[in-house]
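Residue numbers (the numbering used here), protein chains in the order written: chain W, 145 to 475; chain X, 81 to 382.
The set of hints was computed from the structure by calculation and includes no laboratory data. Please read these numbers as outputs of a predicted model, since none were measured by experiment. Backbone N, C-alpha and C fix where the C-beta goes; we use that ideal spot for every residue, glycine too. Mixed in with the good hints there might be a few duds.
Unchecked claim - One-sided and incomplete, this derived list gives chain X residues near chain W with beta-carbon spacing under 7 Å: (1) Met225; (2) Phe318; (3) Phe350; (4) Ile366.
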Amino acid sequence: MWRYMGRKLFVYALTFVVAVTINWMIPRFMPGDPVRSMLSRGSVSDPEALERMTAYYNEVFGLDAPLHEQYLSFWAGLFRGDLGISVMFYPEPVVDIILRAVPYTLALLVPAIVLSWIVGNHFGAFAARSKVLDNTILPAGYVLTATPYMWLALLMAWSLGIVAGVFPTAGGYSFALTPGANWEFVSSLIVHWFLPFLSMFVVALGGWAIGMRNMIIYELEDDYATYLRALGAPRRLVRRYAFRNAMLPQITGLAVQLGTIITGALLTEIVFNYPGLGTLVLDSLNNRDFFLLQGIFLFVVVGVLIANFVIDVVYVLIDPRTRVQMTGGSS
Amino acid sequence: MSNAAGTPGADPGSAPGPVGERRFSETFHFARRNPKLLIGLTIVVGFLLLGLIGPLFIDHGPNQYVGPQTQGPSGEYWLGTTTFGQDVWAQFVYGVRSTFLIGVLGGGVAFVLGTAIGFFAGYRGGIVDEVLNMLTNVVLVLPAMVVLIIAVAYLDARGLVVQAVFIGLTTWPWAARAVRAQTLSLATRDYVDLARLSGRRTWRIITTEIAPNMSSYLVMSFILLFGGAVLTAAGLDFIGLGPTDGVSLGLMLENAVAWSALQLGMWWWFVPPGLAITAIVGSMYILNVGLDEVFNPKLREL
């Protein structure tokens with residue numbers, strides 16, 4: 145078991161190194177001068193400030209030092225928690241800006257992922273092998289997975305937000321309020337949160353339903369299911385066993401789908417102008433704020449790695465076979 | 081008997097001529113009777129024709145300011161016009177074309193990379209497999225879109241081809257994994273051993289003995305990669321990292337949002353592009369299920 149975990153951890157550590165290296169490499173090996181293009185697009189009008197910032201960024205990039213030194217100092221900065229200073233919000237450090245946005249993104253992501261996973265799995269299990277449901281839920285599920293996240297978000301913002309006027313369509317809370325722990329503010333947060341959450345939830349639902357439906361079909365063809373049926377076990381009991389077995393690949397699927405869902409969250413946030421990482425990505429792109437962009441990249445990668453590790457641990461806890469295999473397999 | 085079509089490598093090598101022919105006609109027999117396959121194929125081909133032929137009937141550029149501003153669909157401008165008086169129908173038709181282009185190119189690059197790595201890792205095994213598997217896992221864990229965002233952001237001029245190549249470079253891993261798993265199970269079959277004993281090169285064994293026996297699987301992988309590439313490209317376009325001087329469905333969505341089509345109620349600007357993406361990719365997926373049922377007799381009996 146420890147060997148298995150060690151192996152996984154090694155892959156994650158390697159991924160982190162690769163991500164940091166990509167982050168370091170891209171501004172240095174892409175054509176063009178990153179510092180100048182960044183500062184010329186960023187709206188800095190004061191010439192003195194511009195000069196100071198140019199000097200600062202040249203020093204941070206350390207473009208005159210030899211490459212391996214640049215690389216090492218990049219890592220050193222990383223371990224000090226220093227991701228640079230934002231251009232857009234000069235002189236605020238990138239880390240602070242990102243930490244302000246992360247709660248909003250997590251508040252969308254975590255409920256959307258967990259709820260769509262649970263509901264989708266039950267839908268899929270229910271639909272499998274019953275002709276009418278199979279022929280309606282399956283195509284609907286495929287159409288949902290093919291829906292671009294931002295398009296469904298747009299449709300919902302337009303229909304429920306603007307035409308019907310039920311929900312607000314922009315921001316994380318009403319701008320008339322000052323953030324605080326009072327009920328008015330919290331309810332404003334919830335109302336603004338609902339539509340982005342709903343559109344993500346709906347798009348993610350389809351994939352889980354399809355995955356579960358396919359898994360259940362395979363499980364129901366397995367020997368143990370046939371045996372149970374031959375014993376005259378009720379349909380519900382057979383289903384329950386099949387469902388438990390079919391869950392395992394769905395948990396692995398969660399890890400695989402994570403990247404797609406995070407992308408979906410970023411796009412959905414942009415549509416709703418929700419103050420999370422997605423909107424931050426768009427703003428930093430428009431202002432050529434590459435420090436912020438790269439900081440967000442690292443944060444997302446670290447988040448994905450942590451989530452992957454959690455899923456691995458859960459998998460080992462849930463599936464007793466992996467534990468047996470792991471202790472017996474080492475000999 | 082019907083089992084022969086679904087169990088790859090049962091005996092296709094021994095008598096290629098008649099068996100291959102019978103297998104084809106049998107596949108065709110089931111393909112014609114599969115509603116999912118037919119419906120999916122019809123929609124995909126319909127959009128493909130629209131993208132190929134549609135632009136020929138439009139005598140102005142998709143981004144030209146040709147008509148009145150902010151007008152709903154009418155006889156002259158089928159999908160209305162934008163805030164600047166651009167013809168939405170023209171943009172739509174050109175956008176459908178570039179959607180297929182990005183799907184084929186991006187999906188194609190990912191397919192070639194993924195299958196090559198998968199075949200090689202699965203067939204060679206040992207240290208080659210270890211290294212390639214590690215590489216696959218690393219790229220798999222990295223969120224593709226976020227890597228694409230920072231890579232593409234530094235490019236000053238972006239074209240459709242560059243975008244497609246970048247998408248291909250980041251989305252291949254799951255295909256490599258799937259192909260590797262299939263190859264592992266095929267690589268120990270007797271006929272592959274025989275081919276190896278006869279001293280054929282690795283590449284020839286892979287292309288003549290292993291790949292044909294999982295051809296249906298490969299076709300389906302390509303379709304999924306195609307869909308993934310289209311969705312990824314649409315996402316990139318939407319955040320403003322699309323082709324700098326082109327038209328695409330994702331760019332239409334971006335412009336619609338940027339010029340507040342939502343608040344102005346200009347639904348004809350943002351509904352059609354998303355609908356087309358959903359229809360193309362969704363019917364691709366449904367077509368895929370149909371193909372699966374045709375190739376896999378176990379599912380066919382439903």
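Verification of the supplied hints:
Below 7 Å, beta-carbon pairs count as interface contacts, and Met225 of chain X has one with chain W at about 4 Å; its hint therefore holds. The interface hint given for Phe318 of chain X holds, since its Cβ lies 5 Å from the closest Cβ of chain W, which is under the 7 Å cut-off. For Phe350 of chain X, the interface hint holds, since its Cβ comes within 7 Å of a Cβ in chain W; the closest pair sits about 5 Å apart. With 7 Å as the threshold, the beta carbon of Ile366 of chain X comes within range of chain W, its nearest partner Cβ sitting at about 5 Å, so the hint holds.
No hint from the list above goes unmet by this structure.
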